[in-house]
Amino acid sequence: MKFSEFIQQLAVSVPNPQVHLANDPELTGLSAIEDSQAHTLSYIEGEKYAHHVLTTPACALILPRHDGLQAQASDRHLAWIAVDEPRIALAHAIRCFYQPVSPEPGIHPSAQIHPTAHIGTDVAIAANVVIGAHVTLGEGVAIHPNVVVYAGAQVGDRTVLHANCVIHERSEIGPDCVIHSGAVIGSEGFGFVPVAEGWVKMPQSGHVVLASGVEVGCNATIDRPALGTTQVGRNTKIDNLVQVAHGCKIGDNCAIAAQTGMAGGVKIGNRVILAGQVGIVDHVEVGDGAIGAAQAGIHSNVKPGEIVTGSPALPHKVFLKASAVFRRLPEMHRTLKQLSRDAGLKE
Amino acid sequence: MKFSEFIQQLAVSVPNPQVHLANDPELTGLSAIEDSQAHTLSYIEGEKYAHHVLTTPACALILPRHDGLQAQASDRHLAWIAVDEPRIALAHAIRCFYQPVSPEPGIHPSAQIHPTAHIGTDVAIAANVVIGAHVTLGEGVAIHPNVVVYAGAQVGDRTVLHANCVIHERSEIGPDCVIHSGAVIGSEGFGFVPVAEGWVKMPQSGHVVLASGVEVGCNATIDRPALGTTQVGRNTKIDNLVQVAHGCKIGDNCAIAAQTGMAGGVKIGNRVILAGQVGIVDHVEVGDGAIGAAQAGIHSNVKPGEIVTGSPALPHKVFLKASAVFRRLPEMHRTLKQLSRDAGLKE
Amino acid sequence: MKFSEFIQQLAVSVPNPQVHLANDPELTGLSAIEDSQAHTLSYIEGEKYAHHVLTTPACALILPRHDGLQAQASDRHLAWIAVDEPRIALAHAIRCFYQPVSPEPGIHPSAQIHPTAHIGTDVAIAANVVIGAHVTLGEGVAIHPNVVVYAGAQVGDRTVLHANCVIHERSEIGPDCVIHSGAVIGSEGFGFVPVAEGWVKMPQSGHVVLASGVEVGCNATIDRPALGTTQVGRNTKIDNLVQVAHGCKIGDNCAIAAQTGMAGGVKIGNRVILAGQVGIVDHVEVGDGAIGAAQAGIHSNVKPGEIVTGSPALPHKVFLKASAVFRRLPEMHRTLKQLSRDAGLKE
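As they're listed, the protein sequences go chains A, B and C. Under full-length UniProt numbering, think of the first position of the first sequence as 1, with each following residue one higher. Under full-length UniProt numbering, think of the first position of the second sequence as 1, with each following residue one higher. Under full-length UniProt numbering, think of the first position of the third sequence as 1, with each following residue one higher.
Please note that a few of the clues may not be correct.
No farther apart than 35 Å at their CA atoms in a straight line, the calculated lysine-lysine pairs in the DSBU-like style are these [said to hold, decoys possible]:
| hint | chain 1 | residue 1 | chain 2 | residue 2 |
| --- | --- | --- | --- | --- |
| 1 | A | 303 | B | 317 |
| 2 | B | 2 | B | 48 |
| 3 | A | 2 | C | 303 |
| 4 | C | 2 | A | 317 |
| 5 | C | 303 | C | 321 |
| 6 | C | 267 | C | 321 |
| 7 | B | 337 | B | 321 |
| 8 | B | 317 | A | 321 |
| 9 | C | 201 | B | 249 |
| 10 | B | 317 | B | 249 |
| 11 | B | 201 | C | 2 |
| 12 | B | 249 | B | 201 |
Hints are computed from structural coordinates only; laboratory data are not their basis.
Turn these sequences into a full structure, and let the hints steer you where they fit.
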């Protein structure tokens, strides 16, 4: 693809680009700036990578609005496009060159589809997929090999299920979702009531509801509750190995990073960000726009917009200040002993 | 089902209920109290939910022994049953209305069963299940689609294996166990001996033994050791994404919450509770009835009945008190500097 | 096998053993010392297990170079071999008796192999395996049941893929690797750019490259990046449930224990050891030979050879000393208040 053609395609998605065509090079693809290759388009964002403009073998660049970088690129006869949000331009640029792997259209003969299942038009169902009784698959659903969909589940239009994921009974998965490989949606919540002899199992008769545009990472698990629903809101993105326990209610547009876990009945607002390995105690509520930093242990409600860190979690700045002093505890302890002795306090 | 019929069914399992039939309503099912629906039975437990008695559209309630709530329910002409342990009554109530999804009886034609496998009576083996050489499946075993059982494994009577779980070679799974979707039982322990050039692999020739009534959560992993066994005791319940390393010995009736990890050779007593994201260092012993709070990092032995918190873990009360002071470290540090200066101590 | 035959086999791999044949007993296998059985070879390493020499029913022992233990074993008429590194001798000894389960040679008729795939000689491909378009499998590759290999992936000679693992598009897996059950290699990185209305998905067009001799544990996940590669170096061993995010570069001969997670773009040197449940923030660099202790939260670069502990991570000794004082915070706080009052400081 010529650089000029690429710019035409990109212009649909990216507002007001500045463009320098140079000799309108032929692009063979994209490459990361640290590892860029000849005849490719690459991408500069932030100070850390700016120096690559001077040496990159790439023939074209996505740049931020930065006169100096643009001049450097022009001096090297590189083609470039400069935009307000280079990362968004990059996302669209990758789409111009990259076609994700999809299962072949139609239903593979080895797929096992229950006769009572209702299958939409234009689906792609790969080898060894197993679809249970009374399942509903929407239009354009794509299912990679070895996926299992238990009885009564619903999968919305254009949703993609990656290999070896499992959708349990009566789960409702909205349109335009992506369930990644090995994820398990709608399995039994961890419900056991202690009695003298051990445990009475609480049957988990509820189900999981994912709204539109949800992504669930590889080997993540979302359990169904004893009664009612576990919910994930519109466009919320869940990373690999995350645990969402029975009865959690997660809002819209959240991002939940890898290995985070929520215990039962947690409520998460909209636009909440949870970094990796966060843990949230059962029935805690996290307000809209709040942020849990990596490894935070959230034991009590978090207000909207609040940032919390540490285990047990504190307001971010409080934690950082206390944490900075933590390493000085031994010298503080010695000084305090000295002062106590001098003051005649008994220890 | 009429409320009176439901009460008759429940009476078998729940001692000495108080019952108010009201107009003996027809029940269509159960619903969670926060989301309760007309014509359903719902459930009140604890102060937090008590106010719902005044407004719930449900027609019948499971109540605690509490005169005030009972009077309020009677005033609203709701049918109710009051018991000592409402959660246990709820568990039995759900069983009256809810039938879990099981694979169809018999062996699906697409299942691959090794001719040397020994299959018990009344099994249900779903599509694409693969059963290896010399495997033994007990009576009434139910195996959901795409499960793999490696050679020489044994699965006890009535045990359920959910979709895409893997049972490795020579594992012994007791009767009445549930292995949830994607769990891996009996895989190779992480055994590598450091040498100058890298690592020598320690072959893991042992196996995993799960006693009766064990549950293992989705995508949890239980490894086999180099020699001998990794063991999980009777009725112990293991949640999603838990890691049990090679050679661990876990007692009876434990509950181990999601994302907890045990390193090699850990010993856990009976009735131990480990909350979410707990980590236990190799060869540590945790006594009967001990509790590890969420995110605890357990580096040394825990006495029977002890509760530990924090990383490294401390006795629970010690941790809570120290943790409450932690946020004051910056002011403590300032005060201490001031006092030191005043006392003429050099810093 | 006679003990003397065993010694002959072992001698190939273990330098300069001292041997005491006793009555050259017949060995039926190996057993762990704590649970050792008659007619087996067992293994003593370290003080903790030394007392077993006096009572073990095993008929032969692997011992350290320790005159006292050797004399005790001889007195009991046990056969023994003493070596510099008993654990390495044990690893070789297990190999003499133990044969791992492998899929049957050839391609199972239920496997679905795309006609454009290139399959090496001497492969063993089990039931229900699905191999996508343009996949390359090397010589002697062994694939257990229900594995899915997406289009364009490459799997090196003698590599083993365990049941239900997933290899995503364009992944390059070196020779002599082991991918354990349920692991997912090469899935989409968690890339979403925040915009006013939610998230723009960053397509993940890169791929994952594993060098030779890499092991990846059960249900671990290694994501591919938007551009370029996620890399794992030669002989690096990754345990169960580990998360390696998009664009990480991990060196050679590392050991990464269970449930550890790395955010995007992390760089790990050679011979790095990360204990269980470690978390590493995005783009952090960890130098050669560094060690992250269990549950460490690594927020900034770690120097070669450094040991870090805690969250946020500190140098190991600094953390241990500060951590030892942590539990005294309440008494320190009280003393400080007393001293402040006495000194007339306002609080």
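Which constraints among the numbered hints does this structure fail? Numbers only, ascending.
3, 4 and 9
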